[in-house]
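**Q** Sequence:
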Amino acid sequence: MSCNCNCPYKHTTTALSTAGLLTVTNADNVGNFDKFCLILTINPNAVITGPAVDYTVTVNGTAVPILDRWGYPITTDRLCTRKGYIGRYIESATPHVTLVNACGNPTVTAAATSTSSGS
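Under the working numbering, the residue at position 51 of the sequence shown is numbered 143, and the numbers go up by one with no gaps.
Any given hint could turn out to be false.
With a cut-off of at most 20 Å between alpha-carbon atoms, the simulated SDA-like pairs for lysine to any residue come out as follows [said to hold, decoys possible]:
hint: 1; residue 1: Lys-127; residue 2: Asn-193
hint: 2; residue 1: Lys-102; residue 2: Thr-117
hint: 3; residue 1: Lys-175; residue 2: Val-192
It is worth saying that the hints were derived from the structure and are not from the lab. Please read all numbers here as calculations on a predicted model, not as lab measurements.
Construct all of the structure, not just a fragment, from the sequences and the given hints.
**A** Here it is as structure tokens:
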């Protein structure tokens with residue numbers, strides 16, 4: 093999946109709360125399994141001064157979590173500004189946005205490394 097700069101699936105951030113809630117453009121009438129190209133234009137470090145928090149995004153008027161391809165929440169220390177993140181909006185028992193090209197979960201990566209290096 094790629095995101096054309098003028099595609100209807102492009103969602104650019106317009107606001108970020110201290111709780112990690114993103115407000116994005118084109119957030120209404122997003123359908124199940126629609127592509128979701130997220131462009132973060134606000135530096136989270138300028139807004140969130142404490143520990144990293146889980147991102148949520150307003151889609152169709154509801155705050156939904158942003159997850160990585162493995163279903164883990166994406167925290168505010170895992171996304172870079174001005175990079176295009178590609179994924180899909182999923183309407184399930186718990187609606188969410190899944191991003192497939194977000195960097196790995198630091199906690200899971202550390203746990204996997206310590207487990208695999210032990211004898």
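**Q** Tell me the numbers of any earlier hints that the structure contravenes, in ascending order.
**A** none
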